[in-house]
Amino acid sequence: MRHMTRLLGAAVLSATALTSAPVHAEGGTLVIASSQVPRHLNGAVQSGIATAVPSTQIFASPLRYDENWEPQPYLAESWQVSDDGMSVTLNLVQDATFHDGEPVTSEDVAFSIMTTKENHPFKSMFAPVESIETPDAHTAVIKLSQPHPALLLALSPALAPVLPKHVFGDGQDPKSHPANSDPVGSGPFMLEEFTAGEAIVLKKNPDFFIDGRPKLDEIIVRIIKDPSALLIAMENGEADMYPFMAGSQEIRRLEGADHLEITNEGYAAVGPLNWLAFNTANEKLSDVRVRRAIAYALDREFITNALHRGVSQPQRGPIIESSPFFTMPDETYDTDLDKANALMEEAGYGDGMELTIDFIPGPKEQQQSVAEYLKSQLKKIGIALTVRAAPDFPTWAGRVGGHDFELTMDIVFNWGDPVIGVHRTYLSDNIRKGVIWSNTQQYSNARVDELLAQAAVETDMDKRKALYAEFQQIIAQDLPLYTINALPYHTAYDKKLVNPPKGIWGTMHPMDRVEWSE
Amino acid sequence: MSTSFILRRLGYGLLLMLGVVVLNFLLIRLAPGDPAVVIAGEMGGATEEMLESIREEYGLNKPVLVQLWIYVSGVAQGNLGESFFFNQPVSKLIAQRIGPTILLVISAQLLSILIGVFLGVIAARKPNGLMSGFVTVFATIGYAVPVFWTGIMLIILFASALPIFPVEGMQSVKLRDAPFFTQAVDVAHHLVLPAFTLAIIYLAQYARLSRASMLEVLGSDYIRTARAKGASERSVLFRHALRNAALPILTVAGLQFGNLISGALLVETVFNWPGMGRLAFESILRRDYPTIMGVLFFASAMVVVANLLTDISYRWADPRLRGRS
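Taken in order, these protein sequences are the chains called Y and B. Sequence positions in the first sequence follow our numbering and run 1 to 518. Sequence positions in the second sequence follow our numbering and run 1 to 325.
Fair warning: there could be bad hints in the mix.
[To be verified] Label pairs and their computed distance ranges (CB to CB):
hint: 1; chain 1: Y; residue 1: ASP429; chain 2: B; residue 2: GLU52; range: 53 to 61 Å
hint: 2; chain 1: Y; residue 1: ARG253; chain 2: B; residue 2: ASP318; range: 37 to 45 Å
hint: 3; chain 1: B; residue 1: ALA144; chain 2: Y; residue 2: THR356; range: 50 to 58 Å
hint: 4; chain 1: B; residue 1: GLY19; chain 2: Y; residue 2: ASP217; range: 47 to 55 Å
hint: 5; chain 1: Y; residue 1: PRO206; chain 2: B; residue 2: GLY99; range: 53 to 61 Å
[As the list claims (entries may be wrong)] Derived lysine-lysine pairs resembling BS3-like cross-links, with alpha carbons at most 25 Å apart:
hint: 6; chain 1: Y; residue 1: LYS496; chain 2: Y; residue 2: LYS284
hint: 7; chain 1: B; residue 1: LYS92; chain 2: Y; residue 2: LYS203
hint: 8; chain 1: B; residue 1: LYS92; chain 2: Y; residue 2: LYS496
hint: 9; chain 1: B; residue 1: LYS62; chain 2: Y; residue 2: LYS225
hint: 10; chain 1: Y; residue 1: LYS203; chain 2: B; residue 2: LYS174
hint: 11; chain 1: Y; residue 1: LYS380; chain 2: Y; residue 2: LYS339
hint: 12; chain 1: Y; residue 1: LYS433; chain 2: B; residue 2: LYS92
hint: 13; chain 1: Y; residue 1: LYS204; chain 2: B; residue 2: LYS174
[Stated by the list, open to error] The following residues of chain Y were derived to be distant from chain B, with all beta-carbon distances above 12 Å:
hint: 14; residue: HIS40
hint: 15; residue: GLU107
hint: 16; residue: ALA229
hint: 17; residue: ASP258
hint: 18; residue: ASP392
hint: 19; residue: THR395
Rather than coming from a laboratory, the hints here were simulated on the basis of the structure. Built from N, CA and C at the ideal position, the CB exists for glycine as well.
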């Protein structure tokens, strides 16, 4: 028997030696370059990629997702959704601890979800959560007021960090809690140093609850605001990874670096869109024929191929095309100037009209260049378009949030489930003056409201998809906004990195499997 | 040099800073854009209630004069407030960055004075010579070229085409745990391009100024006397002439300090130098009022101190001024 065990052991060893060709290095440091400045590191009260990248390394969450949009165990080793969809039970791992040594309990999970519900800007994530019961230290039962199929995705690391109640539950406002900049979590990395606006240094959590992870000793996020300096840092090897890279010049240039790999994987859940929004309350733009005429005058392919040099993908609807909920609408507004001119004539604007376009301050090729292109295209259908640049984000946000615009280009994320990132743009009860990224188009359609309300509670995936399919057809007809392209987000990383973050959440996901090959 | 002179100067400085605080406060409030919208935008959108609670939390819903009073009395007690954006005390943000800014500004100041004065002295020796022409042309170009352009050109030349200097930052992150000496060398390596970029514009001015000043002094009787009694040329230039020609240079050095700090804003932005200038620039875009005001407060304090030191050194260099108040 002993002999057999030895033989088996030898066989396993030699098989491992044959199959695992790359030899992995122990530990090491990963330097991530970023142009995004996080306000702080607590993703429970703050959305956005700048906070989510470090937050998902510091805080663990109930679930995590694989590359096929399937939930995987994380702090919850198993979970059950009740038959009526009105409750979700999370069974937590037994041995997880926070970085200060305190155990992670169901109390912490309950506290975190309720804190996120009350303080995170994405109200729809946990709105139906009524209460969370904690029958024992390792069981949390989430009670819902209605079925909430988006809940499981909302339990991802980027959206539901589990906070230590003994730190954040001291009565201070979670949005401005001092621990947001000096957080204690239970994720694979612990905060060592945070210099606001400069760098975040994360060290390996030696007591991480998943054995043998994380692989790296250290992750350093270096904030470099100047894009060319950032590129040189990547080329020189001063930084090892550059996620959320969106400029075609940047992408093409780093493609030329021999030691780097470039991928556009890792952004499916973010679902970043560039769109042209119409103020439907504006007298001229309230006529759907004008909006359609504008759409027919534009050419997505020109924008993605010429202006973006082929790095972005056309986007033909409100839900990102890589999402399981996307349906190609019947009407995609392929360029047709005759049709556009006829529509203008029909709407009574045969003699032309004047319009103004705003755009969110951002990369020129995604914003200003596209606005200039629109100007030349719309001239062909008699629209004299004035391009109005905003000096900075507050100015633009003030105009669009205040409904003081006609056309605007914007960058908006889907955030995984349509309930989280899509509904907000189209629900008529989300027309809120002064609030950016609400329904600033002031679009209102009772059927759309109804479909979105049904889709929010439909637990049958096929039925839910059907509801969203109808919604997407209506939006294509009503056209409160014209989606142009999916943002060309790419990640550049050193070829020696093993398991680079290419899942649906990309770098907004624990990088506990990332390691260096020798 | 009497203590009362220094105290009086300090008093003026404090009054000046009070004026700076009040003026900055009012000017910044004139800028369009609501900080609450920026914070909400950074958070990924918000409801009206959230916007209202942000305004409430930061006192933005109070009348401007009330806000001014709260701010000034806070500053008087040493409290610069909390950053709207980072939710951290402004003093902490500034403490993290004042060192790098001082390092950059002082290095650039020394570099520009030493090289500039040296070039000026050399040029003054033969006012119509080749060197003099070179200094004049170099000074005109150095003064005319925008500092951010110089920075970008130096990056292209010495960090990209010929990568001998780092492109950005103050330190290599991978050397964070290295011994002190290695880290110091690393910082010095990072400092070369930004300090030289910032120095160039002022270096040119010092060269011109010291050339003119030296020419004037070199024509004086006592220089002729020094030469007549057989002093060496080096001694004439550097011991007799330069000390007397130094007064205008010192004056300008003091005045330039304020300009250097504003120049540092651009250089820090170009080189991603982790100093106060970049913090100020980014805070303006974020409408982070307390941080902008904190940085301006410190910058004006630095200028006041620099001017005080100039006055003191002026008196040290020119004994005739010591008796006057």
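Against the structure, the hints:
As the Cβ distance of ASP429 of chain Y to GLU52 of chain B is approximately 19 Å, the hint placing it in 53 to 61 Å is violated. For ARG253 of chain Y and ASP318 of chain B, the Cβ-Cβ distance of about 56 Å falls outside the hinted range of 37 to 45 Å, so the restraint is violated. Between ALA144 of chain B and THR356 of chain Y the C-beta distance comes to about 38 Å, which lies outside the given range of 50 to 58 Å. At roughly 52 Å, the beta carbons of GLY19 of chain B and ASP217 of chain Y sit within the given window of 47 to 55 Å.
Restraint check, PRO206 of chain Y to GLY99 of chain B: a C-beta distance of roughly 32 Å breaks the suggested window 53 to 61 Å. Distance check on the hinted pair: LYS496 of chain Y and LYS284 of chain Y sit about 56 Å apart at the alpha-carbon level, beyond 25 Å; violated. Our distance criterion of 25 Å between C-alpha atoms is met by LYS92 of chain B and LYS203 of chain Y, whose separation comes to about 23 Å. For the hint linking LYS92 of chain B to LYS496 of chain Y, the alpha-carbon distance of about 38 Å lies beyond 25 Å, and the restraint is violated.
At roughly 34 Å between alpha-carbon atoms, LYS62 of chain B and LYS225 of chain Y are farther apart than 25 Å, so this suggested pair is violated. Simply put, LYS203 of chain Y and LYS174 of chain B have alpha-carbon atoms about 13 Å apart, close enough for the 25 Å limit, and the pair holds. Restraint check for LYS380 of chain Y and LYS339 of chain Y: the C-alpha separation of about 12 Å stays at or below 25 Å, so the hint holds. The suggested pairing of LYS433 of chain Y with LYS92 of chain B is violated, with an alpha-carbon distance near 36 Å, which exceeds 25 Å.
Annotation: proposed proximity of LYS204 of chain Y to LYS174 of chain B holds, straight-line Cα distance about 16 Å (limit 25 Å). Non-interface call for HIS40 of chain Y relative to chain B: violated, since the shortest CB-CB distance, roughly 6 Å, does not exceed 12 Å. Listed as outside the interface, GLU107 of chain Y is consistent with that label: its C-beta sits roughly 26 Å from the nearest C-beta of chain B, beyond the 12 Å cut-off. Not every C-beta of chain B lies more than 12 Å from that of ALA229 of chain Y, the closest at about 4 Å, which undercuts listing it as non-interface.
With a closest Cβ-Cβ approach of about 15 Å to chain B, ASP258 of chain Y is found to remain outside the 12 Å limit, as its non-interface label requires. With a cut of 12 Å on Cβ distances, ASP392 of chain Y falls inside the contact zone with chain B, its closest approach being about 5 Å. Residue placement check: THR395 of chain Y does not keep its beta carbon more than 12 Å from all beta carbons of chain B (closest about 6 Å).
Hints 1, 2, 3, 5, 6, 8, 9, 12, 14, 16, 18 and 19, counting from the list given before, are not met by this structure.
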